[in-house]
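S.K.: Residue strings, one per chain:
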Amino acid sequence: MSGGVVLAEVWWEQLLHGILSWEFLEFVVVFVSIFGFVMTSAVILILAERKVMAWMQDRYGPLHTGPWGLLQTVADVGKLLLKEDIHAGKIDKAVFILAPSVFLAPVIASFAVLPFSPYISLPGAPLATGIVYLIAMSSLDVVGVIMAGWGSNNKYALIGGLRSAAQMISYELPLVLSLVSIVMLTSILRDNGLGTIAIKDIMNFQMAQSWPGKGNPVWDFIFEGFTPWAWFILVQPLLVLIYYTCGLAETNRSPFDLPEAESELVAGYLTEYSGMRWALFFLGEYGNMTIVSAITAMLFLGGWSGPGVAFLTAPGMAIGWQVLGNLLALFYFILKIYLLCGVFIWVRTTLPRLRADQLMQFAWLILIPTTLVNIVLTGALYLLLNALGVSNVVFLVVLGVVNWLMLFGFFWVVSRATTASTRRAVAPAIRTRQRLAALAPSPAAPRLPEPERAGVTGAGASSGR
Amino acid sequence: MATNQGVNRPPLEGVAPGELRSEEMILNMGPQHPSTHGVLRLVLTLEGETVVDCTPVIGYLHRGIEKILENRTVMAGIRYMDNADYLSPMLNETAYVGAVEQLMGIEPPRRAQYIRLITNELQRIASHLVAIGTYLLDLGAFTPILWTFRDREGILSLFEALGGSRFNVNYMRVGGVLHDFPKGWLQQCEAWCNQFEKNLQELETLITGNEIFEARTQGVGYVDPQQAIAYGLTGPMLRASGVNWDLRVNRPYMAYREIKVNPQVRQEGDCYARYRVRMQEMAESLRLVRVAMDQLPGGPISTRTPIALRPPRGETYFAIESSKGELGIYFISDGSEYPWRAKIRGPSFVNLQILPELLRGHKMSDVVAILGSLDIVLGEVDR
Chain A
1 MSGGVVLAEV
11 WWEQLLHGIL
21 SWEFLEFVVV
31 FVSIFGFVMT
41 SAVILILAER
51 KVMAWMQDRY
61 GPLHTGPWGL
71 LQTVADVGKL
81 LLKEDIHAGK
91 IDKAVFILAP
101 SVFLAPVIAS
111 FAVLPFSPYI
121 SLPGAPLATG
131 IVYLIAMSSL
141 DVVGVIMAGW
151 GSNNKYALIG
161 GLRSAAQMIS
171 YELPLVLSLV
181 SIVMLTSILR
191 DNGLGTIAIK
201 DIMNFQMAQS
211 WPGKGNPVWD
221 FIFEGFTPWA
231 WFILVQPLLV
241 LIYYTCGLAE
251 TNRSPFDLPE
261 AESELVAGYL
271 TEYSGMRWAL
281 FFLGEYGNMT
291 IVSAITAMLF
301 LGGWSGPGVA
311 FLTAPGMAIG
321 WQVLGNLLAL
331 FYFILKIYLL
341 CGVFIWVRTT
351 LPRLRADQLM
361 QFAWLILIPT
371 TLVNIVLTGA
381 LYLLLNALGV
391 SNVVFLVVLG
401 VVNWLMLFGF
411 FWVVSRATTA
421 STRRAVAPAI
431 RTRQRLAALA
441 PSPAAPRLPE
451 PERAGVTGAG
461 ASSGR
Chain B
1001 MATNQGVNRP
1011 PLEGVAPGEL
1021 RSEEMILNMG
1031 PQHPSTHGVL
1041 RLVLTLEGET
1051 VVDCTPVIGY
1061 LHRGIEKILE
1071 NRTVMAGIRY
1081 MDNADYLSPM
1091 LNETAYVGAV
1101 EQLMGIEPPR
1111 RAQYIRLITN
1121 ELQRIASHLV
1131 AIGTYLLDLG
1141 AFTPILWTFR
1151 DREGILSLFE
1161 ALGGSRFNVN
1171 YMRVGGVLHD
1181 FPKGWLQQCE
1191 AWCNQFEKNL
1201 QELETLITGN
1211 EIFEARTQGV
1221 GYVDPQQAIA
1231 YGLTGPMLRA
1241 SGVNWDLRVN
1251 RPYMAYREIK
1261 VNPQVRQEGD
1271 CYARYRVRMQ
1281 EMAESLRLVR
1291 VAMDQLPGGP
1301 ISTRTPIALR
1311 PPRGETYFAI
1321 ESSKGELGIY
1331 FISDGSEYPW
1341 RAKIRGPSFV
1351 NLQILPELLR
1361 GHKMSDVVAI
1371 LGSLDIVLGE
1381 VDR
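Chains A and B are the protein sequences, given in the same order.
So the first sequence is residues 1 to 465, counted in my numbering.
So the second sequence is residues 1001 to 1383, counted in my numbering.
Please keep in mind that the hints were generated in silico from the structure rather than gathered at the bench.
Note that the Cβ used here is the ideal one computed from N, Cα and C, for glycine as well.
Incorrect hints may have been included.
Pairs of lysine to aspartate or glutamate, EDC-like flavour, derived with a Cα cap of 16 Å [as the list claims (entries may be wrong)]:
1) K1260/B x E1211/B
2) K155/A x E1023/B
3) K155/A x E1047/B
4) K155/A x E1024/B
5) K1343/B x E1315/B
6) K155/A x E1315/B
7) K1198/B x D58/A
Simulated coverage check for chain B against chain A, where a stretch passes if three residues somewhere in it have a Cβ under 8 Å from a Cβ of chain A [as the list claims (entries may be wrong)]:
8) 1145-1155
9) 1209-1215
10) 1321-1328
11) 1356-1367
Partial selection, computed: residues in chain A whose CB lies under 7 Å from chain B [unchecked claim]:
12) D58
13) Q358
14) S415
Isolated chain B (complex conformation) (with noise of 0.2 Å):
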C-alpha cells in the first residue's frame, strides 16, 4: 500500500521479517473528534488497538496571529495575543507586553508588576483546571470537567471585573495594565481562594489514588528526561520528567524577581507524573496569589506610555513561565508602529512534536490519555 511506504517504524514485536502478518488499519483521528482537543488530526496506523505510527496533521486552526500581528500597531496587537492560546490569555499579554517592555527599555511600576503576577497565576490556575477537568473527561471520568468549569468561572468573574471581558481580557499595556483593582476585588479574589482551596482538595480526592486512573496514566507516555530536554519541552511536561526548569525561577521576570516560587518537579515522567504536577502547581500558584495580595505595594499602574507606540529598531527574544511552558516572543522593530515580526514561541507547539514518540506500542486507548496529558491548545499549535 502506498500509505505503507516509508514508514519509519520500528520492528514489531514477536513478528520476524518474511513472515506472515495481518494488514494495518489506518485511522483518522479527528479533525472533528471529542477528544484531540480541538482541531488536531491525528493519522494513526494501529496494527490491531495498538499504534504503530502517528502522524499529527497540523494548521486547521490557523488564523495568521503572527501575521496579524504585523498589521497592528503594538497597542491593537495585545488583543490577538489573547486568541493565541485562548486558555491563558493573560499570560499571552503578558508575554507580548514584556517583550515590547524589553526593548524599550520600560520597566513597569511594582504595583503594576504584582497586579500582573496575580493576574497570571490565576490564569496558570484557570489553565490548569481546564487541563485536569479534559483531560480526566478523555479518561471517561464526567464529573470533574463540571468541578474546574465551575471553579474556573470564578476567575473569569474575576478578570471581568478587571478588564471588562470575561476571556479576551486586553488587560495588559506597554508600561503596566489598563485598570487598577476594582472596589472590593481583593476581598473577592481572596474569596475565591478560599474556596479553592477546599474544593481543589475535593477534586483530588475525587480523582489522585483511584485504581483506574492510575492504571490508565502510571507508566503511560513515558518520557525521560534526556528525551524532553532533546525535544525542547517545558512546563509541566518537562518539570514531571525530573527536569528543574522553571523560567519564573531559572530566570525570573517582573514581580517573580521579588516572590519566590517553589517549582513542581516530579521524577516519573509518565501522565500521572503530569497530572501531579499541574495539581500540585495549582496549590503553588493559589500561595503565590495569596503571598502576592499580601505584600501588594501603592503606587501607579502603570508608566506614562506614548500612545502611538514607537519600540526602537532592533529585536529581542522574552519569554515567560505560561501555564504549558515556555511562551517567548521575538520581536522585531524596525521604529515604526507596527512590529516588523512577532514571532510567538508557543510552548503548545513544541511539546506536541513528541506526540509520535510518545504514542508508538501503545494502546489505541492511550492516544487520548497520552495527548491529554500534553496540554496542548490548538489555538497555540497553528496560531
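Bound conformation, chain A alone (with noise of 0.2 Å):
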C-alpha cells in the first residue's frame, strides 16, 4: 500500500500546481468567455429574433424595456429565474429535473471544439476529431427531449418528444452525409492524400494561397486568408443548403418545429416546463442554433476570415496588432454566425410547419438519397478527372458546376415531390371514406345520430381525466 501512500501525499500537491498553472487559468478565463458567449448569444438572439420578426411583420416588437425594448430579454430572464419552480402532479422526478440538464449540457459541450478566432479557443479546439465530437454531441439532445416528454405525464409533452426523437435521429443522416463530401474535398485537395476532421484544418483549406495583387501590402492586408472564392459554399451549395436544411431540423426551427408545434401539441416536449427549467430549454435550443450557424460558418464560409485578420496575426506582428486581428477575427466569425442565424429567423416568419410524415419522407426520400448521390458524384467526378490529369483548380470548377446543377434539380425534385407525396398521404383516408361509403346504406342520405354514436359522446365526455 505504500504506493497509495505517496499519491495521497502528493496529490493535493498536483491540484495545486494543476491550479496555480498558467494553462489552468487560461483554460478558465477562455471557458468563462465562451460559456458567457453561449449565455449572452442566447438572450440577445432572442432578442433579434423578435425585432427582425417584428420587422417582417409590420409591427414593432419589444418597445418600453429599456432604450428601443433592448433590456426586455434581460427583464425575461431575470422573471425566469424568479419564478416559482411548478411541478405537475405524478410525472417521473428524477427524469423531469434532469431533462433540462441534459438538454443543455451537449450543447454547451459542443463549443469546446470551436476555434473562435486564430488564438481564442478551448484546450479542445485542436481536436483532431472535431466534427465526429460535434456530430456527436448534437445527437445526445435528443436524450433531453425525450426524458422531458416522458417525464412530464402529458400526453402532448409524450407525443412531442416521440416525434422529436424521429426527427432528430433521421435528420442526424443527411446531416453527417452533408459534411462527408467536405472531408472528401479536403482529401483531394491534401497532397499526400489524407483528408481531415478537424475544423480547423478544414478552414484553411478555404484560404487560397495566391490573390491579385500579392506582394502590394493593401492587396496583402484584404485578401490574406480572406479568399471568397475558395470557400466551399461555391464548391457544394447543395451541401450547405442541405446541412443548413438539417440544421433546422435539428435545432426543432420552423419549418421543422413539429416537436413544440404550438398549434397541435400546445408547447410539446416543453409543456410541464417553467421558469428555469424551461428557460434552460429555451438556451439550449438557441446555443444550438448557435453552434448550427457556426459549423456552417466554419465550413462553408470561410470561418473567422475576413480582411486583415490573417495579415495581423501573421508571425512576425507585433502584439497590439495580434490582439487587434484576433478581435477581427472574432468579430468576423460571431458577425456570419448572427447573420446565419439571421436566415434561421427568415425561415421562421416566411415558412408554415411540414406535417410529420411528410417531414420523415423529406428526410429518407429526398435528402439521404441526394447526399449520397452527392458522395459518389465527387468521388466519381475525381477519379475522372484525375484520369485525364488535370489540376485540382480545375477539378474544384467542374465539381462546383456540377453542384450547382444538383441544386436547381433538387428544387425541382422537391417541388415535384411534395405534390407527390401529397398523394400518398391522403391515400388512406381517401381509402377509409371509400370503405365508410360502402358501409353506409346511401352515401347522399344525411347519417341520422345512431344511439352508439350517442354512447361515444358519453363515453368521451366521461374520459376527460
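Using the hints, build the complex out of the two chains.
M.R.: Structural data, given as C-alpha cells:
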C-alpha cells in the first residue's frame, strides 16, 4: 500500500500545481468567456429574433423595456429565474428534473471544439476529430427531449418527445452525409491524400494561397486569408443547403418545429415546464442554433476569415496587432454566425410547418439519397478528372458547376415530391372514406345520429381525466 | 376499455379481426388549446398519430343568446346579435333586422340597403382575414396573421367611425341603419380599399404556391359535393366543394338584387380549395364595396319606425350569406315588443358537424389543418 500513500501525499500538491498553472488560468478565462458567450448569445438572439420578426411582420416588437426594448430579454431572464418551480402531479420526478440539464449540457460541450479566432479557443479546439465530436454532441440532445417528454406525464409532451426523437435521428443522417463530401474534398486537396476532420484544418483549406495583387500591402491586408472564391459554399452549394436544412430540423426550428408545434401539441415536450427549467431548454435551443450556424460558417464560409485577420496575426507582427487581429477574427466569425441565425429567423417568418410524415419522407426519400448521390458523384468526378490528369483547380470548378446544377435539380425534385407525397398521404383517408361510404346505406343520405354514437359522446366526455 | 365500447369506427387498415393490435390513446384537445379557435373540445382517439375517431364537445361558450333575445325588445336585441359570431357582427345584425323587417313588411330605403351592403362586405373581408390568418397560424406560419390583423384593423377603424364602436358596432336598425356615413368616410374607405388591394396581393404571394402549404392542405379534408349538401354545409365550405350556392345570388336580398355577385366556386373540395375560395371572396367583396360606393344612392337612411317596435303576430325565416355560410334567423312574434322566439341558424354550428367525418384516417397534424379550414367561431356554435 506504499504506492497509495505516496499518491495520497502528492495529490493535493499536484492539484495545487494544476490550479496555479498558467494553462489552467487560461482555460478558466476562455471557458468562462465562451460559456458567457453561449448564454448572452441566446439572450441576444431572442431579442434579435423578436425585433427582426417584428420588422418583417410590420409591427414594433419589444419597445418599452430599456431603450428600444433592448432590455426586454434581460427582464425576461430575471423573471424566469425568480419564477416558482412548478411540477405537475405524478411526474417521473428524476427524469423531469434532469431533462433540461441533459438537453443543455451537450450544447455547451459542443463549444469546446469551436475555434473562435486564431488564438481564442478552448483547449479542445485542436481536436483532430472535431466534426465527429460535434455530431456526437448534437445527437445527444435527443435524450433530453425524450426525457422531458416521458417525465412530464402529459400526452402532448409524450407525442412531442417521440416526434422529436424520430425527427432528430432521421435528420442526423443527411447532416453527417453532407459533411462527408467536405471531408472528401480535403483529402483530394491535400497533397498526401490524407483528409482531415479537424475543424480548423478544414477552414484552412478555404484560404487560397494566391490573390490579385499579391505583394501589394493593401491587397495583402485584404486578401491574405480572406479568399471568398475558395470557400466551400461555391463548390458545394447543395451541401450547404442540405446541412442547413438538417440544422433547422436538428434545432427544432420552423418549418421543422413539430416537436413543439404550438398549434397542435400546445408546447410539445415543453408543455409542463416553466421558470428556469423551461429557460434551460430555450437556452439549449438557441445555443444549438449558434452551433449549427458556427459550423456552417466554419466549413462553408471560411470561418473567421475576413480582411486583415491573417495579415495582422502573421508570426512577425507585434503583440498589439496580434490582439487586434484576433478581435477582428472574433468579430467576423460572430458576424457570420449571426447572419446565418438571421436566415433561421427569416425562414421562421416565411414558412408553414410540415406534417410529421412529410418530414420523415423529406429526410429519407429526398435528403439522404441526394447526399449519397453527391458523395458518389464527387468521388467519381475526381477519379475521372484525375485519370485525365487535370489540376485540382479545374476539378473544383467542374465539381462546383455540377453541384450548382444539382442544386437546381434538387429544387425541381422537391417541388415534384411534395405533390406526390401529398397524394400518397391522403390515400388512406380516401380509402377510409370509400369504405365508410360502402358501409352507409346510401352515400347521399344524411347520417342520422345512431344510439352508439350517442354512447361515444358520453364515454368520451367521461374520459376527460 | 369502457371508452372504446361502441365506437363506430371503420376497421383499421391492414389489421385483421382478432389480430394483435396496439392500444389507442385518447387525447383531449381543448377546451384550452391554442388552435381550437376558442373553447372547442375534441376528444380524439389516436392510433399512433392517426385519428381513429373524434368527438367534438361543444357548449363551453354558451351564453344563451337566443334566450336573451327573447327577454329584450327587438331594438335592444340587435346588440346581442353582435356576440353570436363575434367575427362578423355586422352580418349578424343584418340577419336579425332583416328577419324583423320581413315580418313587418318594411323595405328599407335604397341608401340604407347600399350602406348595409358596404358594411357587410367589409365585414366579410374582416372575417375572412381572421380565418386565413389563424389558419396559417395553425399550420405554423407566423407572419400572415399579423398582416391580416393589420388590414382588419383598418376595417374596424372604419366601423368605429360609423357606429362608435370597433367591434360590437350595434349599427343596423329595423328599417335602416343608425347613422349615415360621416364626412370623409367614403374617402377613407376608398384609401383602405386601395391599400388592401396591394396587401392582398402580397398575402397571396406569401402563401399561395408555397410548397409546404400546398403539401399540408391539398387533398386534406376532402368533402365531396353530395356529402357537403347532405351535411347542410354552406358558405365557402360548400362552394369549395364545387356546389355553386350563394344566397347573395340564389336568393338575393336587399341591395344584392341590384349589384350582381360573382360566386367563387372551386372544385377540389379540400382545405386548399377552402382557403382559395376565401381569398377569392375577399377580392370579390372588395369589388362589391367599390361598386356599391360608386352607385351609392342618396335619400334617407331609415324608414320611420316606432321606438316601441311591435312586430305583428307570426313567424318568418330570413337568411343571409354570412362570411361562414347561411346565417338564418327564425323569428316568431306574438305581437308584443319582445320576440317570442329568435332561433339562430349559425353556419359555424352546421359546418362543424362534418368534422369527425373528415378527421377519421388523417394524421394528428391534420386535425388543426382541417379544423382551421372549417372556419368556425365558437361564439356562433354555442351561442
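S.K.: Decide, hint by hint, whether the structure agrees.
M.R.: Taking the hints in turn, this is what the structure says about them:
With a C-alpha separation of about 35 Å, the suggested pairing of K1260/B with E1211/B is violated against the 16 Å cut-off. A hinted pair counts as satisfied when its Cα atoms are at most 16 Å apart, and K155/A with E1023/B qualifies at roughly 14 Å. For the hint pairing K155/A with E1047/B, the CA-to-CA distance comes to about 13 Å; that is within 16 Å, so the pair holds. Using a Cα cut-off of 16 Å, the hinted pair K155/A and E1024/B holds, with the two alpha carbons roughly 12 Å apart.
Of the supplied pair hints, the one linking K1343/B and E1315/B holds, its CA atoms being roughly 11 Å apart against a limit of 16 Å. The straight-line distance between the Cα atoms of K155/A and E1315/B is roughly 50 Å, outside the 16 Å bound, and the hint therefore fails. Restraint check for K1198/B and D58/A: satisfied, since their Cα atoms lie roughly 14 Å apart, inside the 16 Å limit. Closer than 8 Å: that is the beta-carbon criterion, and the segment 1145-1155 of chain B has 3 residues meeting it against chain A, so the requirement of 3 holds.
Here's how the segment 1209-1215 of chain B fares: 6 of its residues keep a CB closer than 8 Å to some CB of chain A, so the rule of at least three is met and the hint holds. Residues of the segment 1321-1328 of chain B lying with their CB closer than 8 Å to a CB of chain A number 0, which falls below the three-residue condition for coverage. With a cut-off of 8 Å between beta carbons, the segment 1356-1367 of chain B has 9 residues touching chain A; three or more are needed, and the interface restraint holds. For the restraint placing D58/A at the interface with chain B, the shortest Cβ-Cβ distance is roughly 6 Å, inside the 7 Å limit, so the hint holds.
Satisfaction of the interface hint for Q358/A is found here, the shortest Cβ-Cβ separation to chain B being roughly 6 Å, below the 7 Å cut-off. Taken as an interface hint, S415/A checks out: its beta carbon lies about 6 Å from the nearest beta carbon of chain B, inside 7 Å.
In the structure shown, a violation is registered for the earlier hints numbered 1, 6 and 10, in ascending order.
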